[in-house]
Amino acid sequence: MTKKKAMLIDITMCIGCNSCQEACKTTNNLAAGEEKALSATTYTALNEYDGVFVRRMCQHCIDPTCASVCPVGAFTKTPEGPVLYDEDKCIGCRYCMQACPFQVPRYEWSSTYPRIQKCVFCHERITKGLQPACAEACQVGATKFGDRDELLKEAAERIKAEPSKYVNRIYGQQEVGGTSILYITSVPFEKLGFKTELQTAALPPLTWNALSKVPSIVTVGGSLLYGIWWITNRRTEVQHHELRQREMEKGSNGNGNH
Amino acid sequence: MKRFLSQLTFWKTLAGVILLAGAYSTIVRFFGGLGAATNLSDEFPWGLWIGFDVLCGVGLAAGGFTLAGIVYIFNVKRFEPIIRPTILTAFLGYVLVMFALMFDLGRPLQFWHAIIMWNPQSVMFEVAWCVMLYTSVLALEFSPVVLEKFHMEKTKKFVKKITMPLIIVGVLLSTLHQSSLGSLYLIVPDKLYALWYTPYLPVFFYVSAIGVGCAMIIFESFLSSRAFNRGLELDLLTEIARVAVMVLGVLMVMKVVDLADRHALPLLFKPRTETYFYWLEMIVGIIVPFVLLAQRRVRENQTGLFWCAAMMIMGFVLNRLNISITGMEGWAGKAYFPSWMEIMVTISIVTAGFIVFALAAKYLPLFEHEKPHVRVKPEAEWIEDLRSVSQLN
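Sequence lines, in order, name chains A and B.
With this note's numbering, letter number 82 in the first sequence gets 82, and the count goes up by one each step, no holes.
With this note's numbering, letter number 154 in the second sequence gets 154, and the count goes up by one each step, no holes.
Simulated from the structure, these hints should not be mistaken for laboratory data.
Treat the hints with care, as some may be off.
[Unchecked claim] Below are the DSS-like pairs computed for lysine-lysine, each with C-alpha atoms no more than 30 Å apart in a straight line: (1) B:191 x A:77; (2) A:25 x B:334; (3) B:191 x A:36; (4) A:153 x A:3; (5) B:255 x A:195; (6) B:191 x A:191; (7) B:191 x A:213; (8) B:77 x A:195; (9) A:36 x B:334; (10) B:157 x B:362; (11) A:250 x B:77; (12) A:4 x B:191; (13) B:270 x A:195; (14) B:334 x A:191; (15) B:270 x A:191; (16) B:255 x A:213.
[As the list claims (entries may be wrong)] Sample of chain B residues with no beta-carbon within 10 Å of chain A, all distances over it, derived: (17) 268; (18) 271; (19) 290; (20) 347.
Since this is a predicted model, take the numbers as computed values, not measurements.
Cβ atoms here follow ideal geometry from the backbone N, Cα and C, with glycine treated the same way.
Sequences and hints are given; from them, build the entire structure.
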């Protein structure tokens, strides 16, 4: 079985050199130029909070919301970890953007044949045994690529080794069922623009709970409707019949008199 | 030319101006992309076209399945006189929803992908299927009117034969997708403001659709009675209003219980934009019409009925816009207000609906319903009998 890959981003180590973004843009053939936020041409961007740099990118959820909501199944979760988008299937409903708990997918708003754009976790490279371009480009080791289990262990060890420095939380370990991108920090996550109130269970079951009732609604509802119709219809039939009988009696009486 | 000008009424001019602006916006949308025509953004990907055109459009067409259920399944045949225009409005509603969706979809020419590329996990997938199937069902339900016009008796007879299964399938499909439009938002527990986010979203969407279905039947009957100079079936509408009161009552109780259950009642008194919009929606759409329609005096009064129906519809639209826009703005961290082009496209689509309905009313036997056959026929025969008897004398 393929081991689940992940990246550990240690916010305390990042120096804000932006080489991750540059490497990403080159590898994925995106329009060059430094950008401060995710966009249709930017898969990863650095946000600065008082000298602290936070890398934003797709979290590559273990149970991805985008993949569950897409009506045409344009998203797939690969066994290695990356969540990939197939533009040939996409109809452009943008439910993925609406549903993503991390507000990651971007859209080509000015295109007449637009695509969703987001980080691909360098899927091609990692299946070849290489690191994602950003992890390779990181000179200070702030982004580290590896197996998810091991990176989780390492993150816990780093926190344990310097409990006064680190916040005791690995962001991405549990959020919406866990993600492939993990963060540790010395500044509280809520001050760095992270959504810290996200539930720990994955989101797709929320809609599946409703959807899984469809077959029972159809069968129970169908029989119920048919039953009601049968009863009400039968009632009118009986009434109709009685009415006709009365008519016939009246009719025969009338004829009898003449 | 003179004749043309003399026929140009205020309303026709207005419709012309709207459609022109809509046509311009359409060109901008399809040649410049969504970004050129709309105020949508990465933070706010769903706007007016989803919030109004789809969520409200489908909801406001709920009169179709509500009345079909009342007439055919509960066998309340008195309502037959208004079933044809109601089914037509529902059908037009769905056609327009799909038309509007072509504007909103980024790749509209690939919409058929939903037919062959399945993802049963997706609510959107279910909605797409239900809407496509139900539109076909509505077309069949309405087809006798067209077949009658062109004297295709054989085909008409066949459609009549399959009426019951059609109606049952129609009610089921409506139940599924009316509620599923609410399920669409189950996936955003953190994004949608807590006054609106509840696991019962699908139930609320379904029940409120039935309520607004009743309101739409009343509202449409009034409009068409004025527009086409026909009588108003006030006694029938009074009874529909009784159903509406029940639905409103149920909805109100469910909403309060749900808020209490989720410990969200204090949110009702938090001074925030969301709170005001929530109250507005509740007061206009549920509380006031409930109190008014609960009184027989109002139900039996033309003006009262009309305004209560209008309020229910406004409240419903507010509810859907609150869920799709007001309730999502806080989390998105970005305000959204539709661009004038988004608004013009929406108004144009509604206008197109009115025009098609007016044309249908003019050229199709929409209001010349068949005579109820249950009682009238024997009576007529009886009169015949009497006549023959008197002639004998």
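Cross-check of the supplied hints:
Taking the CA atoms of residue 191 (chain B) and residue 77 (chain A), the gap is near 23 Å; set against the 30 Å cutoff, the hint holds. With a CA separation close to 27 Å, the supplied pair residue 25 (chain A) and residue 334 (chain B) stays within the 30 Å bound. Between residue 191 (chain B) and residue 36 (chain A), the direct Cα distance comes to roughly 23 Å. Compliance with the 30 Å bound is thereby established for this hinted pair. Between residue 153 (chain A) and residue 3 (chain A) the CA atoms are separated by roughly 15 Å; this keeps the pair inside 30 Å, and the hint holds.
Of the supplied pair hints, the one linking residue 255 (chain B) and residue 195 (chain A) holds, its CA atoms being roughly 28 Å apart against a limit of 30 Å. Note on residue 191 (chain B) and residue 191 (chain A): the hinted pairing holds, with a Cα-Cα distance of about 19 Å set against a maximum of 30 Å. Between the alpha carbons of residue 191 (chain B) and residue 213 (chain A) the distance comes to roughly 24 Å, so the proposed pair stays at or under 30 Å and holds. Of the pairs offered as hints, the one joining residue 77 (chain B) and residue 195 (chain A) is violated, with about 56 Å between alpha carbons and a cut-off of 30 Å exceeded.
Distance hint between residue 36 (chain A) and residue 334 (chain B) is fulfilled; the C-alpha atoms sit about 17 Å from each other, no more than 30 Å. A threshold of 30 Å between alpha carbons decides the hint, and for residue 157 (chain B) with residue 362 (chain B) the separation of about 24 Å falls inside it, so the pair holds. At most 30 Å may separate the alpha-carbon atoms for a hinted pair to count; residue 250 (chain A) and residue 77 (chain B) meet this at roughly 26 Å. Under the criterion of a C-alpha separation no larger than 30 Å, the hint pairing residue 4 (chain A) with residue 191 (chain B) is consistent with the structure, at around 29 Å.
Restraint check: the Cα-Cα separation between residue 270 (chain B) and residue 195 (chain A) comes to about 23 Å, which is no more than 30 Å; the hinted pair holds. At roughly 19 Å between alpha-carbon atoms, residue 334 (chain B) and residue 191 (chain A) fall within 30 Å of each other, so this suggested pair holds. Restraint check for residue 270 (chain B) and residue 191 (chain A): the C-alpha separation of about 25 Å stays at or below 30 Å, so the hint holds. Between the alpha carbons of residue 255 (chain B) and residue 213 (chain A) the distance comes to roughly 22 Å, so the proposed pair stays at or under 30 Å and holds.
In this structure residue 268 (chain B) is separated from chain A by more than 10 Å, as the shortest Cβ-Cβ distance comes to about 21 Å. No beta-carbon of chain A is positioned within 10 Å of the beta-carbon of residue 271 (chain B); the least distance is around 22 Å. Its beta-carbon lying about 26 Å from the closest one in chain A, residue 290 (chain B) satisfies the requirement of being farther than 10 Å from that chain. Against chain A, the non-interface label of residue 347 (chain B) holds: every CB pair exceeds 10 Å, the least being about 23 Å.
Comparing the model with each earlier hint shows a violation of hint 8 alone; every other hint is respected.
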